[in-house]
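Asker: With chain D held as given, fit chain R onto it using these hints.
As they're listed, the protein sequences go chains D and R.
At position 4 of the first sequence (counting the first as 1) the number is 22 in the working numbering, and the numbers step up by one without a gap.
At position 56 of the second sequence (counting the first as 1) the number is 91 in the working numbering, and the numbers step up by one without a gap.
Calculated directly from the structure, the hints in this document are not laboratory data.
Among these hints, one or two may not hold up.
Quick list of in silico lysine-lysine cross-link-like pairs, DSBU-like style, CA-CA up to 35 Å [unchecked claim]: (1) D:K40 <-> D:K75; (2) D:K76 <-> D:K86; (3) D:K86 <-> R:K66; (4) D:K75 <-> D:K86; (5) R:K53 <-> R:K66; (6) R:K53 <-> D:K89; (7) D:K89 <-> D:K76; (8) R:K92 <-> D:K75; (9) D:K86 <-> D:K127; (10) D:K40 <-> D:K86; (11) D:K40 <-> R:K53; (12) D:K89 <-> D:K75; (13) R:K66 <-> R:K92; (14) R:K52 <-> R:K92; (15) R:K53 <-> D:K76; (16) R:K92 <-> R:K53; (17) R:K52 <-> D:K76; (18) D:K60 <-> R:K66; (19) R:K53 <-> D:K60; (20) D:K60 <-> R:K92; (21) D:K127 <-> R:K66; (22) D:K60 <-> D:K40; (23) D:K40 <-> R:K52; (24) D:K86 <-> D:K60; (25) R:K92 <-> D:K86; (26) D:K89 <-> D:K127; (27) D:K75 <-> R:K66; (28) D:K89 <-> R:K92.
Note that the structure is a prediction, hence the values are computed from the model and not measured.
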Amino acid sequence: GENVEQHPSTLSVQEGDSAVIKCTYSDSASNYFPWYKQELGKRPQLIIDIRSNVGEKKDQRIAVTLNKTAKHFSLHITETQPEDSAVYFCAALAGGGNKLTFGTGTQLKVEL
Amino acid sequence: EADIYQTPRYLVIGTGKKITLECSQTMGHDKMYWYQQDPGMELHLIHYSYGVNSTEKGDLSSESTVSRIRTEHFPLTLESARPSHTSQYLCASSALRSEGYTFGSGTRLTVV
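In isolation and in its complexed conformation, chain D is listed as follows (with noise of 0.2 Å):
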């Protein structure tokens, strides 16, 4: 089955910074892959996404990239601000698969 690695597991920036999480992912054949921000206390919430035949989308301060020939899918946040502090998931979708595999997630904090 699909197997999704992330990290790091904890990341500190100063506010305006920006702030880069990585994630791995095995089956070659996954083809959606979202990231889900949860800030604490509240439930998961989908913040962006990028399929398969993408290499790059971006949302404002939010961009997601897709590398297909490494396996592996970044979330950039640019000007960090105080909000932006919680748990994100990156997670993948396998080709055929009806279940999302989530990586562990990365505390993100940022200082003032």
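Answerer: Just chain R now, kept in the frame of chain D:
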């Protein structure tokens, strides 16, 4: 408003009690999932369903059981609660031909 609802939000219960965690969605989604998560930690899939009368065990072994008699309802039952069951339980759903998950707000269970 179309969403996924979990009740109760918090539950404190004694060892040996039978409990049912409720999950209902009004989005017409076919696929539903139960995850176990300690605060800020990994999401562990414990059960999933692709439709009425379809249930499967997830990646993490669990003593709980589920049923899917109606499309919108996916309750999780613990026949005899133990302190080791203390955790947060998140329900999620997705459409048959869509990959994105919508999560409920979770039930935080404490077994004393």
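Asker: Take the hints in turn and mark each one as holding or not.
Answerer: Hints, one by one, checked against the model:
1. D:K40 <-> D:K75: Status holds; Cα separation ~15 Å.
2. D:K76 <-> D:K86: Holds - the C-alpha atoms of K86 (chain D) and K76 (chain D) are around 18 Å apart, at most 35 Å.
3. D:K86 <-> R:K66: holds, 27 Å
4. D:K75 <-> D:K86: holds, 14 Å
5. R:K53 <-> R:K66: At roughly 26 Å apart (the allowed maximum being 35 Å), K66 (chain R) and K53 (chain R) satisfy the hint.
6. R:K53 <-> D:K89: violated, 44 Å
7. D:K89 <-> D:K76: Since the Cα atoms of K89 (chain D) and K76 (chain D) sit roughly 19 Å apart, the hinted pair holds (cutoff 35 Å).
8. R:K92 <-> D:K75: holds, 34 Å
9. D:K86 <-> D:K127: Distance ~29 Å between K86 (chain D) and K127 (chain D) Cα, so the pair holds.
10. D:K40 <-> D:K86: Status holds; Cα separation ~13 Å.
11. D:K40 <-> R:K53: Roughly 41 Å separates the two Cα atoms, so the pair is violated.
12. D:K89 <-> D:K75: holds, 16 Å
13. R:K66 <-> R:K92: Measuring from Cα to Cα gives roughly 14 Å; hence the hint holds.
14. R:K52 <-> R:K92: Holds: K52 (chain R) and K92 (chain R) sit about 22 Å apart, inside 35 Å.
15. R:K53 <-> D:K76: violated, 47 Å
16. R:K92 <-> R:K53: OK: K92 (chain R) and K53 (chain R) at ~20 Å, within 35 Å.
17. R:K52 <-> D:K76: violated, 49 Å
18. D:K60 <-> R:K66: The hint holds at about 22 Å.
19. R:K53 <-> D:K60: holds, 26 Å
20. D:K60 <-> R:K92: Since the Cα atoms of K60 (chain D) and K92 (chain R) sit roughly 25 Å apart, the hinted pair holds (cutoff 35 Å).
21. D:K127 <-> R:K66: Between K127 (chain D) and K66 (chain R) the Cα gap is close to 33 Å, so the pair holds against 35 Å.
22. D:K60 <-> D:K40: holds, 23 Å
23. D:K40 <-> R:K52: Violated, at about 42 Å.
24. D:K86 <-> D:K60: Answer holds: K86 (chain D) to K60 (chain D) is near 32 Å, not above 35 Å.
25. R:K92 <-> D:K86: With Cα atoms ~30 Å apart, K92 (chain R) and K86 (chain D) stay inside 35 Å; holds.
26. D:K89 <-> D:K127: holds, 27 Å
27. D:K75 <-> R:K66: holds, 26 Å
28. D:K89 <-> R:K92: holds, 28 Å
Checked against the numbered hints given earlier, this structure breaks hints 6, 11, 15, 17, 23; the rest are met.
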